[in-house]
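Q: Let the sequences and hints guide you as you build the complete structure.
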Amino acid sequence: MKNLYLHEDCIISPLGCTTSENLKHLRSGTTGLQKFDKSEFLDTPICAGVVNSEVLAEAFSAIGDPKAFTKLEQMMLLAVHQILIKNPDLNRMETGLIVSTTKGNVHLLEDLGVFKKERLLLSNLGEIIKDFFGFGLKPIVVSNACISGGLALAVAKKMINAGKFNKAVVVGGDMLSKFIVTGFNSFQALSETACKPFSKDRNGINLGEAAAAMLVSDTPKKDSVTISLAGDASANDANHISGPSRTGEGLFKSIQNSLKEAGISSEAIKAVATHGTATLYNDEMEAIAITRSDLGATPLHSVKAYYGHTLGASALIESILCKHMMLNNEIYPSLHFNKLGVSKQINVVTAYQNSINLDYVLKTASGFGGCNLAMVFKKGGENE
Amino acid sequence: MNNLSVDHWVRIKDGKIIVDGEVVFASEADIASFLKAAFKFLNIKYPKFHKMDRLSKLGFIASEIVMKEEAEISEDTALVFSNNSSSLASDQNYQESIKNFPSPSLFVYTLPNIVLGEISIRFGLKSENVFFIEDEFNAKLLIDYSAQLIESAKANKVLCAWLNLHNVEYDVFLWLSSESHKKEITEEQIRKIYDADYD
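Protein sequences appear in the order of chains A and B.
Under the UniProt record's numbering, the first residue of the first sequence is numbered 1, with each subsequent residue one higher.
Under the UniProt record's numbering, the first residue of the second sequence is numbered 1, with each subsequent residue one higher.
Bear in mind the hints are in silico, worked out from the structure with no lab data behind them.
Some clues are possibly wrong.
In silico DSSO-like cross-links for lysine-lysine, where the CA-CA straight-line distance does not exceed 30 Å [said to hold, decoys possible]:
#: 1; chain 1: A; residue 1: 164; chain 2: B; residue 2: 140
#: 2; chain 1: B; residue 1: 99; chain 2: A; residue 2: 67
#: 3; chain 1: A; residue 1: 117; chain 2: B; residue 2: 68
#: 4; chain 1: B; residue 1: 182; chain 2: A; residue 2: 164
#: 5; chain 1: B; residue 1: 51; chain 2: A; residue 2: 35
#: 6; chain 1: A; residue 1: 178; chain 2: B; residue 2: 51
#: 7; chain 1: A; residue 1: 117; chain 2: B; residue 2: 51
#: 8; chain 1: A; residue 1: 130; chain 2: B; residue 2: 192
#: 9; chain 1: B; residue 1: 182; chain 2: B; residue 2: 68
#: 10; chain 1: A; residue 1: 2; chain 2: B; residue 2: 182
#: 11; chain 1: B; residue 1: 140; chain 2: A; residue 2: 130
#: 12; chain 1: B; residue 1: 140; chain 2: A; residue 2: 138
#: 13; chain 1: B; residue 1: 99; chain 2: A; residue 2: 116
#: 14; chain 1: A; residue 1: 164; chain 2: B; residue 2: 192
#: 15; chain 1: B; residue 1: 140; chain 2: A; residue 2: 178
#: 16; chain 1: A; residue 1: 138; chain 2: B; residue 2: 183
#: 17; chain 1: B; residue 1: 140; chain 2: A; residue 2: 167
#: 18; chain 1: B; residue 1: 99; chain 2: A; residue 2: 38
#: 19; chain 1: A; residue 1: 260; chain 2: B; residue 2: 140
#: 20; chain 1: B; residue 1: 13; chain 2: A; residue 2: 138
#: 21; chain 1: A; residue 1: 2; chain 2: B; residue 2: 183
#: 22; chain 1: A; residue 1: 178; chain 2: B; residue 2: 48
This one's a predicted model, so the numbers in the text were calculated from it and none came from an experiment.
A: Below, the structure is given as structure tokens:
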């Protein structure tokens with residue numbers, strides 16, 4: 001089977017419009033979350049990761065008319081643009097385009113504004129990105145709840161192995177809307193303060209908006225260390241459509257299958273980048289699946305207290321962060337963690353570390369519909 | 001690449017349910033009555049069905065019909081689904097509810113992959129899941145993805161589907177694929193089943 005190598009990437013978030021700006025804030029422990037007493041989304045207080053529309057529009061105006069594109073489209077197009085300018089020789093006619101989103105432009109349901117109703121269709125979002133940059137192949141749009149962004153990488157790997165293309169741009173994004181915020185609020189899942197993944201006093205998630213893009217291919221870079229997706233697996237809990245399994249069944253199975261595909265046992269995993277949303281049930285379920293996989297002592301983190309939960313972007317952003325942690329031998333700390341609040345012993349990283357060799361990193365994600373995903377990233381040179 | 005066969009298929013459109021080429025159920029009624037009558041036709045007890053949104057009901061009925069043909073259902077039967085409208089019908093219902101009282105029971109169905117959860121619960125499938133959004137039925141994507149799942153030993157069978165609900169118009173095509181050393185299914189054959197008229 002062909003491997004999937006991770007190349008240039010870009011994160012557009014409240015922490016910046018380039019990956020390097022984002023990394024700078026992660027290293028210093030600076031959050032992108034803000035508290036709002038009242039917002040366009042909800043009358044009651046929320047804490048969320050909001051991208052400044054004016055700043056975004058100004059950045060976007062360098063490549064297009066901000067009035068002709070929604071906020072989500074602007075974020076996703078800017079992310080892809082940054083990949084393409086660094087790869088001027090990329091043959092766009094033969095490069096795959098994989099798009100991940102959970103709700104796309106769902107905010108247009110309330111008010112279409114200047115846009116046509118086709119803009120609500122997620123397939124249309126794929127077409128907009130394709131046409132903007134002149135990609136040659138039909139985009140593949142993945143919408144599988146909160147594992148979408150990572151699943152898009154697994155899709156890229158499968159399509160490369162199916163011989164559809166050798167390279168692909170994977171792009172993921174979601175934006176905040178009244179639709180999404182009131183929905184999570186109706187589940188009583190939102191925390192009014194910055195979320196505290198795995199902590200005893202955690203009381204829910206924060207939502208965030210962001211986009212990310214990454215170039216992937218079946219060949220490593222010459223003369224340099226490259227990170228690859230060595231194993232991936234998804235598994236359903238077959239238990240509940242809106243709550244995680246009490247036994248962590250689906251996530252445990254995903255982890256086991258991803259390790260098997262990578263050809264390693266759990267001892268080889270040097271760090272775990274968790275989903276860690278800070279709901280009572282998600283974090284408990286994740287801790288169970290992680291300890292069942294003999295990873296209870298392995299350093300782990302959640303970055304949800306920097307970004308909030310960015311839905312269809314989150315697992316892609318977090319995969320990009322895994323790549324940079326592995327290249328730089330570093331781990332970004334879990335913010336706001338105090339006392340362990342899950343029933344199993346796990347090793348939450350609370351201080352920035354920059355001398356840790358990460359040969360293999362495990363990334364996990366779970367979502368509504370009972371879906372779970374695990375990915376094993378591997379560090380390797382050209383001649384592995 | 002491994003060959004895939006089609007073990008069984010079901011088509012649901014215009015008030016009809018067609019299984020492996022044969023019309024097994026027909027009703028002239030509107031979608032609400034059609035779903036009710038089709039569920040009755042399944043002749044099973046499953047109270048949860050009535051809580052589902054229409055997209056999930058359609059997927060549930062289609063998968064129930066195809067899985068009934070299986071002597072033994074493996075938990076590694078993957079789900080590779082697609083449509084055009086995502087969960088738009090339920091999105092519109094939830095959006096309406098925001099005006100008065102945002103409804104958690106409507107919000108939960110505002111993702112296309114919830115139906116994968118419903119089907120997994122029904123048949124105990126702890127398997128690979130993916131939901132693609134396409135502008136139209138794209139057999140090749142589903143076949144290619146399924147072949148990769150089977151080749152990498154992540155699944156032994158795959159339930160593939162086009163499951164679209166646009167307003168009250170439904171268009172469902174679901175089939176069960178498994179590895180085959182002899183007969184191979186081609187995109188053209190799948191497309192032909194999808195395009196055919198059944199009277």
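Q: Holds or violated: residue 164 of chain A with residue 140 of chain B, Cα cutoff 30 Å?
A: 11 Å, holds
Q: Decide if the proposed pair is consistent with the structure: residue 140 of chain B and residue 167 of chain A, CA atoms, cutoff 30 Å inclusive.
A: Measuring from Cα to Cα gives roughly 19 Å; hence the hint holds.
Q: Residue 99 of chain B and residue 67 of chain A were given as a pair; does the straight-line alpha-carbon distance stay at or below 30 Å?
A: Measuring from Cα to Cα gives roughly 27 Å; hence the hint holds.
Q: For the pair we were handed, residue 140 of chain B and residue 178 of chain A, check the Cα-Cα distance against 30 Å.
A: Status violated; Cα separation ~37 Å.
Q: Assess, step by step, whether the Cα of residue 117 of chain A is no farther than 30 Å from the Cα of residue 51 of chain B, and give holds or violated.
A: 29 Å, holds
Q: Taking only the CA atoms, is the gap from residue 164 of chain A to residue 192 of chain B under or equal to 30 Å?
A: 23 Å, holds
Q: Is the hinted pair residue 182 of chain B and residue 68 of chain B satisfied, with a Cα-Cα distance of at most 30 Å?
A: 24 Å, holds
Q: With a cut-off of 30 Å on the C-alpha distance, tell me whether residue 178 of chain A and residue 51 of chain B pass.
A: 25 Å, holds
Q: Starting from residue 2 of chain A, check that the Cα of residue 183 of chain B is at most 30 Å away, please.
A: 27 Å, holds
Q: Could you grab the alpha-carbon distance between residue 138 of chain A and residue 183 of chain B and see if it respects the 30 Å cut-off?
A: Given that 30 Å is the threshold and the Cα spacing comes to 29 Å, the pair holds.
Q: Is the Cα-Cα distance between residue 13 of chain B and residue 138 of chain A 30 Å or less?
A: Since the Cα atoms of residue 13 of chain B and residue 138 of chain A sit roughly 27 Å apart, the hinted pair holds (cutoff 30 Å).
Q: Quickly compare the C-alpha distance for residue 99 of chain B and residue 38 of chain A to 30 Å and report which way the hint goes.
A: 17 Å, holds
Comparing the model with each earlier hint shows violations of hints 3, 5 and 15; every other hint is respected.
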